[in-house]
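Asks: Listed here are the chains, written in short residue letters.
Protein chains: 2
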Amino acid sequence: MKNNVNRELPEDLMSDLHYQPYENTEIGNPDIQRVAPKVRVSTGDDKLVSSIENVVKENVKDGMTISFHHHFRDGDFVFNQVMRVIIDSGLKDLTLAPSSLTDIMNDMVIEAIKAGTITNITSSGMRGKLGDFVSHGGLKNPVIFRSHGGRARAIEDGAIKIDVAFLGVPNADKLGNANGMLGDAVFGSLGYALMDAQYADKVVLLTDNIVDYPNTPASIKQTQVDYVVKVDKVGDPDKIGSGATRFTKDPKELKIAQTVNDIIVNSPYFKDGFSFQTGSGGAALAVTRYLRQAMIDNKIKASFALGGITKPTTDLLEEGLVSKIMDVQDFDKGAADSMHTNKNQQEIDASWYADPYNKGAMVDQLDVVILSALEIDTNFNVNVMSGSDGVIRGAIGGHQDAATAKLTIISAPLVRGRLATVVPEVTSVVTPGDSVDVLVTEVGIAINPKRTDLIKEFAKLPGVPVYSIEELQAKAEKMVGTPKPIEYGDRTVALVEYRDGTIIDAIKEVKD
Amino acid sequence: MKNNVNRELPEDLMSDLHYQPYENTEIGNPDIQRVAPKVRVSTGDDKLVSSIENVVKENVKDGMTISFHHHFRDGDFVFNQVMRVIIDSGLKDLTLAPSSLTDIMNDMVIEAIKAGTITNITSSGMRGKLGDFVSHGGLKNPVIFRSHGGRARAIEDGAIKIDVAFLGVPNADKLGNANGMLGDAVFGSLGYALMDAQYADKVVLLTDNIVDYPNTPASIKQTQVDYVVKVDKVGDPDKIGSGATRFTKDPKELKIAQTVNDIIVNSPYFKDGFSFQTGSGGAALAVTRYLRQAMIDNKIKASFALGGITKPTTDLLEEGLVSKIMDVQDFDKGAADSMHTNKNQQEIDASWYADPYNKGAMVDQLDVVILSALEIDTNFNVNVMSGSDGVIRGAIGGHQDAATAKLTIISAPLVRGRLATVVPEVTSVVTPGDSVDVLVTEVGIAINPKRTDLIKEFAKLPGVPVYSIEELQAKAEKMVGTPKPIEYGDRTVALVEYRDGTIIDAIKEVKD
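Here the protein sequences come in this chain order: A and B. Going by my numbering, the residue at position 30 of the first sequence is 1025; the numbering climbs one at a time, nothing skipped. Going by my numbering, the residue at position 484 of the second sequence is 1479; the numbering climbs one at a time, nothing skipped.
Don't read these hints as lab results, they were simulated from the structure. Do not rely on the hints blindly, as some may be mistaken.
Any copy will do: because identical chains look the same in the list, a pair fits if it lies in one copy or spans two.
Stated by the list, open to error - Capping the alpha-carbon separation at 30 angstroms, the derived lysine-lysine pairs in BS3-like fashion look like this:
#: 1; residue 1: Lys-1506; residue 2: Lys-997
#: 2; residue 1: Lys-1225; residue 2: Lys-1401
#: 3; residue 1: Lys-1033; residue 2: Lys-1156
#: 4; residue 1: Lys-1338; residue 2: Lys-1328
#: 5; residue 1: Lys-1033; residue 2: Lys-1401
#: 6; residue 1: Lys-1250; residue 2: Lys-1451
#: 7; residue 1: Lys-1296; residue 2: Lys-1225
#: 8; residue 1: Lys-1296; residue 2: Lys-1338
#: 9; residue 1: Lys-1087; residue 2: Lys-1479
#: 10; residue 1: Lys-1338; residue 2: Lys-1228
#: 11; residue 1: Lys-1266; residue 2: Lys-1225
#: 12; residue 1: Lys-1052; residue 2: Lys-997
#: 13; residue 1: Lys-1228; residue 2: Lys-1135
#: 14; residue 1: Lys-1451; residue 2: Lys-1294
#: 15; residue 1: Lys-1401; residue 2: Lys-1296
#: 16; residue 1: Lys-997; residue 2: Lys-1479
#: 17; residue 1: Lys-1052; residue 2: Lys-1445
#: 18; residue 1: Lys-1156; residue 2: Lys-997
From just these sequences and the hints, can you work out the full model?
Replies: This is the structure:
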């Protein structure tokens, strides 16, 4: 069975898991019956507890689905504390359904898999040791990778039914009113965790900072929370920032950023009231800086900036160059602090951000998005999940979701070291080429042939050579040669959902 | 069949509607499966429409349940506009499920009943012509009266399934992000309407003020809204304030307020971090003023004030005498404006406010509440629904819900004109005597015998005579005599739910 981006899918598995192959990017107007949690009624007076053990003992049973958020990123002290207790309690056959998995969690997840505690995983991605472990067949059942919007959809329509959510927060009152903005380990928006808080049957907050009742603003509300567990420390503030927020000095990245800016500024979308998502990473931050200058020069203001937010973007808000920030996640402390002080920085949950099965998500209103790529192929399909050795080392994040923007730009170097970024066929398809409009590299751009309007628009941009994607691929191949094909085993170790829940790719076990 | 407050209930009707008789005020720890809406997926680009007719035609079908909120109170221009279209479209057998009904809606509701358009009603209450019409048998099926918390519970567990909600707002953007704080017809908190926005299958906003996208703060979110209808005017700002926010000069009311304050200040609950709900009405505002002085004199600050909020309460917030206001509804423009400017005034929905089937509602944390009464009987049962002539002329509001406070004070004059307030048996039981602690009248107080602690506490309060409730009833009867019994017909015109969904009383048809 092949899907519409020409990927071979495992028929038995697809059938067992009731999956349909990916067809196209259209969402249409289906009627979706949402689901709701089962609520244990309480006055709320006995929520405050000090033992993770008791909470696990009373609430987690074999076969259940448990969840976590990844807003602490590599400063997370919550996941490992809770998983330690869960493994030691001898629980089996759990499904792990976090918003994503970060490196600090890897050892513990591998231990839990080996112990039989975790037998299923759904996540936005995984990296490092864990990606390696899974890619070599360490987990029997295939991992299900979902975008942030796809996870929201799956939670809302019941495909992911969270039994118990363990959510770390930098503050909470005794009944569970909490936000991500105050305390030692702040991360700003609780966007991804808000889904778990709303839909899990049992919600367990962990915090090192019990504050006076009632705590406001209450991003998570007492009506959603069953337990508030006091722990010593929820996170390491220094490691919460993604670290990718330094301004790049790499000439190649600066060249790409400059070209991305040229594309945006010369597009029909660059006008008063436009909207954008730039994300994090060196090139993205440089784009934000160039864009700032272009907005000032052209007297243009943006209606909103979206997505994972960084300080350069909150600076635009302060300057009045952006009217609103719609904030599902903050990538640095500057952005997190700004959410507390600037009322125009609105916290949004992952559903509002990107659920395709919604009455309108923010991504549906997006004019311009800049996205990265591990690989992009001659059909503009993008891979942000697997290395060119076939090993899982990435995350979908909001990639598929934001690619629905009116102008989706992939910014990527032609090659990285001895590896081509522009390839004949990507190792894994995460985002279909149909939703990608322009590839920007350091040598020039390629425009998706179906965007005849943009081909015309960008034909004679000074200093921006236009190539076909095949030409860029050939240039890359000429620089680094043709890699040896990856040797895969027979087993499917992961399925990649498109944002609508169809399967856009299957990832096979790699052989050493 | 009699329930535990000795009210005769109609057996057939109870059985047909699957109701249980009221037993007691205990809620316990049941597991409640919540429900969720069916969502019509859309990118949101076609929400903005100008015709109520088209929205009604495409979405409202015979037999459906439709809802409205009552935050505009008697300044509401939305209800009558929508109902005009619905009646004229010839729709039949609708259930009307607003958060409450105000006088400005009465003529239209009666017309809709006579036309067969509306055949069922659930509401917090009704007054004037409509109460009279229903009490005289104008509606075939019994009205179901629910408290604000009870309505939230019923929406959340599916007892009320709203097909289409029509919600007026003073501002909205083209996708439906809206709040109650900015525009011509502001009312502040959207607390009751937030339930409809979250749970109705179809959500229609009506506004006279389309603002730039994205509109924040978004109390109602684009992910909840199907249509945004532009209308000329949503409300009359001058009539949105409840009018009951003038400070009383009535010596009787001032005496009662002074005594209420004495009771609070001399109770064990008056200490730093206490919480209270005073509500609106002349005596309540006077209580707030006295309480302010007592807090200053005793160097005591409150952790939160709850409920319907008035400017005297937001003044306490400004002064720092109250740390937080938890705001489900604002009774005047001062309170509404304050919600926009003071971040410690947190908007809460009706579930958070008072849903008894919750993981802790605000009312469960309440120390002191002052509530009014049309009648209170010698079992401390309170009636806020029927006149002493048996005619419906009131609303439960949050009465049953807030009566769960640690100290529930009923403030009421012994008599009103030629009618006793303290009676042998109330015309309708709305709030069970078991949840009432102290009755304060202008001649003295009565303490619920089960509160032996308070009897001791208040035994020798200077200037506060303590009576038994029977003594107060006898005093009232001596002043105004014994009224002629009401002549009822056989038909049940309304059922009064207790907050847990059991039936606490049935209201019979009155004969002229």
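Asks: Now look at each hint and say whether the structure bears it out.
Replies: These are the hints, each one checked on the structure:
For the identical chains of this complex, Lys-1506 and Lys-997 are intra-copy neighbours only, at 23 angstroms inside a copy versus 76 angstroms across copies, given an alpha-carbon limit of 30 angstroms. In the homo-oligomer, the alpha carbons of Lys-1225 and Lys-1401 lie at most 30 angstroms apart only across protomers (27 angstroms), although the nearest pairing inside one protomer, at 46 angstroms, exceeds that limit. Within a single copy, Lys-1033 and Lys-1156 get their C-alpha atoms as close as 11 angstroms, and across copies as close as 17 angstroms, so both meet the 30 angstroms cut-off. Proximity of Lys-1338 and Lys-1328 under a CA criterion of 30 angstroms is satisfied in both settings, with 17 angstroms inside one chain copy and 22 angstroms between copies.
Taking the closest pair of Cα atoms, Lys-1033 and Lys-1401 come within 30 angstroms of each other only across two copies (28 angstroms); inside a single copy the shortest separation is 39 angstroms, beyond that limit. Taking identical chains as interchangeable, the C-alpha atoms of Lys-1250 and Lys-1451 lie at most 30 angstroms apart only when both belong to the same chain, with a minimum of 23 angstroms there against 82 angstroms between chains. In this homomeric assembly, Lys-1296 and Lys-1225 come within 30 angstroms of each other (Cα to Cα) only across copies, at 26 angstroms, whereas the closest approach inside a single copy is 44 angstroms. For the identical chains of this complex, Lys-1296 and Lys-1338 are neighbours both inside a copy (18 angstroms) and across copies (27 angstroms), given an alpha-carbon limit of 30 angstroms.
In this assembly of identical chains, Lys-1087 and Lys-1479 lie within 30 angstroms of each other by CA distance neither inside one copy nor across copies; the values are 40 angstroms within and 71 angstroms between. In this homomeric assembly, Lys-1338 and Lys-1228 come within 30 angstroms of each other (Cα to Cα) both inside a single copy, at 28 angstroms, and across copies, at 28 angstroms. Taking identical chains as interchangeable, the C-alpha atoms of Lys-1266 and Lys-1225 lie at most 30 angstroms apart only when they sit on different chains, with a minimum of 26 angstroms there against 49 angstroms within one chain. Taking identical chains as interchangeable, the C-alpha atoms of Lys-1052 and Lys-997 are never at most 30 angstroms apart, the minima being 45 angstroms within one chain and 43 angstroms between chains.
Taking the closest pair of Cα atoms, Lys-1228 and Lys-1135 never come within 30 angstroms of each other, the shortest separation being 34 angstroms inside a single copy and 62 angstroms across copies. Proximity of Lys-1451 to Lys-1294 under the C-alpha cut-off of 30 angstroms is restricted to the intra-copy arrangement: shortest distance 25 angstroms within a copy versus 73 angstroms between copies. For a Cα distance limit of 30 angstroms, the shortest separation of Lys-1401 from Lys-1296 inside one copy, 18 angstroms, qualifies, whereas the shortest one across copies, 53 angstroms, does not. Within a single copy, Lys-997 and Lys-1479 get their C-alpha atoms as close as 24 angstroms, which meets the 30 angstroms cut-off; across copies the closest is 84 angstroms, which misses it.
In the homo-oligomer, the alpha carbons of Lys-1052 and Lys-1445 never lie at most 30 angstroms apart, since the shortest distance is 56 angstroms inside one protomer and 39 angstroms across protomers. For the identical chains of this complex, Lys-1156 and Lys-997 are intra-copy neighbours only, at 29 angstroms inside a copy versus 43 angstroms across copies, given an alpha-carbon limit of 30 angstroms.
Of the numbered hints listed earlier, those contradicted by the structure are 9, 12, 13 and 17.
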